[in-house]
Amino acid sequence: MNKPNTFESVQPCSGGYSLKTDLRLNAWLAVATAVYVAILILSKRHPEWSPLTRGLLMLVPLFPGLFYVRACLRFVRGMDELQRRIQTEAWLFAALGSLVIGTIINTLNANGVLLGELKYGLTIGSAFIVTFVLWLVGTIVANRRYK
Amino acid sequence: MKNQLRELRALKQWSQGELADKLGVSRQTINAIETEKYDPSLPLAFKIARLFKQPIEEIFEAED
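In order, the protein sequence lines correspond to chains V and L. My numbering applies: residue 1 is where the first sequence begins, and numbers increase by one. My numbering applies: residue 1001 is where the second sequence begins, and numbers increase by one.
These aren't lab readings, by the way, just hints derived from the structure by calculation. Ideal placement from N, C-alpha and C gives every residue a C-beta, glycine not left out. Heads up, a few of these hints could be off.
To be verified - Which stretches of chain V does chain L cover? Using the computed rule of at least three CB atoms under 8 Å from a CB of chain L, they are: (1) 3–16; (2) 81–94; (3) 138–147.
Take these sequences, add in the hints, and give me the full structure.
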């Protein structure tokens, strides 16, 4: 019987760590990050590039990013039914939580309450961070429920 | 849902990890089923019944 995927297999400090599984899951993330950094450096060295060229180049890391999404989906599909349920709960919590936080920030912003970084609402970068943090919290809470 | 999984596993002298390997699930899933925090899907319940050679209703009992 095949062993189901677990998060322990991609956590280097845990007992069940597997480099093969980790690479299968995270290799495309490393490629996307490397491509992004390379394009950022190139873009800074060539200020003469048009905004269109710059914009199109900045979209290139999305392609390895899509392969990373595919690797994540495959990883989740390889989990057993309880782990999949935990992930569904965690992602639902993260998605709805991000929407609620975004709405609160934008409402406060529309009424002139917020200043500084948040005065333009929730940026895409901060939305990523908020979603990731909420997913982490959701995973921990759901894991505890079934411990 | 109540179940007899812990008792059946003890009869076979399997650890939770061994049973998990036989069923292709994680040890956490076996523990969650035994402690009745999680009800398995129908395919997994059938797999458990087949492994212990028992009718499914002998292992799982619905709570009214």
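**OP:** Check each numbered hint from earlier against the structure, then list the numbers of those it violates in ascending order.
**Re:** Going through the list in order, the structure violates no hint and respects every one.
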